[in-house]
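**Student:** Each chain, letter by letter, is given below.
2 protein chains.
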Amino acid sequence: MSSSPDPARSSVRLDRAIFNPGAVKINVKGAFIVDEDPRSKSPVRTDGVHYEGHDIRLPHHTGIVSHVAVDIGGSLAKLVYFTRELDSPDNGGRLNFINFETHRIDLCIEFIKELKEEHEKANGPSPDQLCVVATGGGAYKYYDKLKEALQVNIIREDEMECLITGLDFFITEIPNEIFTYSEIEPMQFAEARPDVYPYLLVNIGSGVSMIKVSGPKQYQRVGGTHLGGGTFWGIMSLLTGARTFDEMLAMADQGDNSGVDMLVGDIYGMDYNKIGLKSTAIASTFGKVFRLKSAAEQESGTEGDEADEESEQTNGDVTFKNEDMSRSLLYAISNNIGQIAYLQSEKQQVKHIYFGGSFIRGHRQTMNTLSYAIRFWSKGEKQAYFLRHEGYIGAVGAFLRRKPVNWGRRNSIDGASV
Amino acid sequence: MSSSPDPARSSVRLDRAIFNPGAVKINVKGAFIVDEDPRSKSPVRTDGVHYEGHDIRLPHHTGIVSHVAVDIGGSLAKLVYFTRELDSPDNGGRLNFINFETHRIDLCIEFIKELKEEHEKANGPSPDQLCVVATGGGAYKYYDKLKEALQVNIIREDEMECLITGLDFFITEIPNEIFTYSEIEPMQFAEARPDVYPYLLVNIGSGVSMIKVSGPKQYQRVGGTHLGGGTFWGIMSLLTGARTFDEMLAMADQGDNSGVDMLVGDIYGMDYNKIGLKSTAIASTFGKVFRLKSAAEQESGTEGDEADEESEQTNGDVTFKNEDMSRSLLYAISNNIGQIAYLQSEKQQVKHIYFGGSFIRGHRQTMNTLSYAIRFWSKGEKQAYFLRHEGYIGAVGAFLRRKPVNWGRRNSIDGASV
Numbered sequence: 031m032s033s034s035p036d037p038a039r040s041s042v043r044l045d046r047a048i049f050n051p052g053a054v055k056i057n058v059k060g061a062f063i064v065d066e067d068p069r070s071k072s073p074v075r076t077d078g079v080h081y082e083g084h085d086i087r088l089p090h091h092t093g094i095v096s097h098v099a100v101d102i103g104g105s106l107a108k109l110v111y112f113t114r115e116l117d118s119p120d121n122g123g124r125l126n127f128i129n130f131e132t133h134r135i136d137l138c139i140e141f142i143k144e145l146k147e148e149h150e151k152a153n154g155p156s157p158d159q160l161c162v163v164a165t166g167g168g169a170y171k172y173y174d175k176l177k178e179a180l181q182v183n184i185i186r187e188d189e190m191e192c193l194i195t196g197l198d199f200f201i202t203e204i205p206n207e208i209f210t211y212s213e214i215e216p217m218q219f220a221e222a223r224p225d226v227y228p229y230l231l232v233n234i235g236s237g238v239s240m241i242k243v244s245g246p247k248q249y250q251r252v253g254g255t256h257l258g259g260g261t262f263w264g265i266m267s268l269l270t271g272a273r274t275f276d277e278m279l280a281m282a283d284q285g286d287n288s289g290v291d292m293l294v295g296d297i298y299g300m301d302y303n304k305i306g307l308k309s310t311a312i313a314s315t316f317g318k319v320f321r322l323k324s325a326a327e328q329e330s331g332t333e334g335d336e337a338d339e340e341s342e343q344t345n346g347d348v349t350f351k352n353e354d355m356s357r358s359l360l361y362a363i364s365n366n367i368g369q370i371a372y373l374q375s376e377k378q379q380v381k382h383i384y385f386g387g388s389f390i391r392g393h394r395q396t397m398n399t400l401s402y403a404i405r406f407w408s409k410g411e412k413q414a415y416f417l418r419h420e421g422y423i424g425a426v427g428a429f430l431r432r433k434p435v436n437w438g439r440r441n442s443i444d445g446a447s448v
Numbered sequence: 031m032s033s034s035p036d037p038a039r040s041s042v043r044l045d046r047a048i049f050n051p052g053a054v055k056i057n058v059k060g061a062f063i064v065d066e067d068p069r070s071k072s073p074v075r076t077d078g079v080h081y082e083g084h085d086i087r088l089p090h091h092t093g094i095v096s097h098v099a100v101d102i103g104g105s106l107a108k109l110v111y112f113t114r115e116l117d118s119p120d121n122g123g124r125l126n127f128i129n130f131e132t133h134r135i136d137l138c139i140e141f142i143k144e145l146k147e148e149h150e151k152a153n154g155p156s157p158d159q160l161c162v163v164a165t166g167g168g169a170y171k172y173y174d175k176l177k178e179a180l181q182v183n184i185i186r187e188d189e190m191e192c193l194i195t196g197l198d199f200f201i202t203e204i205p206n207e208i209f210t211y212s213e214i215e216p217m218q219f220a221e222a223r224p225d226v227y228p229y230l231l232v233n234i235g236s237g238v239s240m241i242k243v244s245g246p247k248q249y250q251r252v253g254g255t256h257l258g259g260g261t262f263w264g265i266m267s268l269l270t271g272a273r274t275f276d277e278m279l280a281m282a283d284q285g286d287n288s289g290v291d292m293l294v295g296d297i298y299g300m301d302y303n304k305i306g307l308k309s310t311a312i313a314s315t316f317g318k319v320f321r322l323k324s325a326a327e328q329e330s331g332t333e334g335d336e337a338d339e340e341s342e343q344t345n346g347d348v349t350f351k352n353e354d355m356s357r358s359l360l361y362a363i364s365n366n367i368g369q370i371a372y373l374q375s376e377k378q379q380v381k382h383i384y385f386g387g388s389f390i391r392g393h394r395q396t397m398n399t400l401s402y403a404i405r406f407w408s409k410g411e412k413q414a415y416f417l418r419h420e421g422y423i424g425a426v427g428a429f430l431r432r433k434p435v436n437w438g439r440r441n442s443i444d445g446a447s448v
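If you read the sequences in order, they're chains A and B. Position one of the first sequence corresponds to residue 31 (my numbering), numbered consecutively onward. Position one of the second sequence corresponds to residue 31 (my numbering), numbered consecutively onward.
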């Protein structure tokens, strides 16, 4: 359907889109988030796939979109695709969000294959065949696999650049997307700001990246930490046998971290007033384990009895509740990220801190901890911002960095620049 | 033996010593570290007690010292006491270092009781009966217990102030105490600096405190993290069944963290050149666990089979090596502390960073990680400093903050100010 089926010219146009991401246009007029039960969607398969329930409706976009975007991280592959809704009163369409476990990339590929077939069914054979914009490490690691299995063009985009494009889009274009969080005022939607830059983006996936963004094309990865979502999942699955992230988060909701954490009161027997540490403050994550395990060993009289190999089974009499361990580690990892993010924001002289990535998952304790950490360390000067599509920032960015080939013809008037 | 047995006057003198810590004098002329096998000491008991092998010899101090100092932390109680060496050619004496597990505080009390008896045997009944200077949280938590069991005067000193007094002493008075560390140049002793302040002291015990010190009496706890030694011990003992810190460190020496950590190469399949991340860089601590466990579950066909309660036992077929887990967590915790310490040093505009606390234990990997983190983040501008008595900074500080009552009489000439 393109006016120019010449591959050489297509490629020039493509290059322009890649090298001029700021110039990519999408019709986001009147865009809004659709809240519905993700189970109402008919999944291709149920295992290793997670449908999100917050589609973004683009009521004024009627053109054909001939690409999907996928952000393949260490643990999850996040997919964003557009579907037209010709039967809806305002026509238009929506952005759909779905993720797959990265080690089951085959499921993701199968899903994209179906989208490709649907695209061909709807639009007939044309030079505008579906292409895939891929970002994240998996865009490199699985490049050959994707290309071979899908037989489509795979355009690779840099992970950091996609994150920025995606976040800028969410900040400036989507109402009720960005919010602050506190126990007293959960989910206060933030007003769109005209002065978006500079900001610090803290993306929490398996690991954590912190990116200072000074302008649409000005950014620097200033730091990060490898204590991230993968650490929580890994240690928790080994300690508790829990299988899914949601299971672990549900346990954390029921736990009491003081069952495993050493509090200031455990050391002092009271507040440590001189430096303002309350007795309930955490002194050492999992710090109670040493004392309780050693005390139990002492009582059972096995310590020092190193020849007895079986004692390892019989002494560890103290058991720690899965819920308590889960709450402790979730708090520790979130709080640690919060502290480092604050310190980086100070070093980089940035006031606004956005937290994204699949680790957050809209979980209250996580957001509360991150939010509290920023308020606490900054003495109320700074705030943490969250996103409803926190896991899809990079994928949406990748989606937006590809200009659909037929876009200019049908949407030249009402496209908003992102 | 004091010239003034009047308790009221003693107490005035005591107050002066407490409130004027900078004025406390100790004869450290020619002090040096004695390296000998700690096993050559005859221990009272062997369980839960750890003798150090780096006594400090004070060849010119001949006076009676009628106090011992103990720093009771969340996991360890560190004891410093002075012994005279009347049979040695130069007379004098030495500072001894020993620690006990805090949950076995009774052993520590028993040990102090023996010191008290020896003191009485040597000096006869006198108003200079042994007293105990106590610091750390346990000085509060176990105050009544110590007082009742020992029947001696217990003087409490603030933990942060003791750390500073102790570190200042080590920096300025003890040769071959402070060193820098790198793989290429392990243990390079630092020259004594005339301009000691300001510095950042990072004390790593069960938890971590970071203290900015601007002068002998000017300090502020600027931060810390509860991911410390207690976290390493706690999680490792639960995951591996190892019982002692030394056992865990020995395992770490044999491990390969890439057995459990997700590396950049695991995500990208190559370096992530654009932002300078090598494929061998750690992306997510324990981040490989998710992928490997999920893949194993998928193969054994148990996923989604939630009714089968027994599957939890049968599926977790992947096992991770204790050595690999230990190395990974030791690295993660050390590196995290290193990063936060660097960022705090930036915020506080401090160039010198001292790492102390029992977590370090002279362990190569730990020191190398901390050292590398400071060099890496500061682009070579800053350095990490370590101490041979890293675990005893607070205890030594507490020891020095008490002026022995007979001190002035015998050592008024050659005492050096600390």
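Some clues are possibly wrong.
For chains that are exact copies, the list does not tell them apart, and a pair is met inside one copy or across any two.
To be verified - In silico PhoX-like cross-links for lysine-lysine, where the CA-CA straight-line distance does not exceed 20 Å:
1) Lys-151 with Lys-409
2) Lys-171 with Lys-304
3) Lys-377 with Lys-412
4) Lys-409 with Lys-377
It should be emphasised that the hints constitute simulated quantities derived from the structure, not laboratory data.
**Student:** For every hint, state whether the structure bears it out.
**Tutor:** A quick look at each hint next to the structure:
1. Taking CA atoms no more than 20 Å apart as the test, Lys-151 paired with Lys-409 passes in neither setting, with 58 Å inside one copy and 56 Å between copies.
2. Proximity of Lys-171 to Lys-304 under the C-alpha cut-off of 20 Å is restricted to the inter-copy arrangement: shortest distance 15 Å between copies versus 53 Å within a copy.
3. For a Cα distance limit of 20 Å, the shortest separation of Lys-377 from Lys-412 qualifies both inside one copy, at 14 Å, and across copies, at 16 Å.
4. For the identical chains of this complex, Lys-409 and Lys-377 are neighbours both inside a copy (16 Å) and across copies (15 Å), given an alpha-carbon limit of 20 Å.
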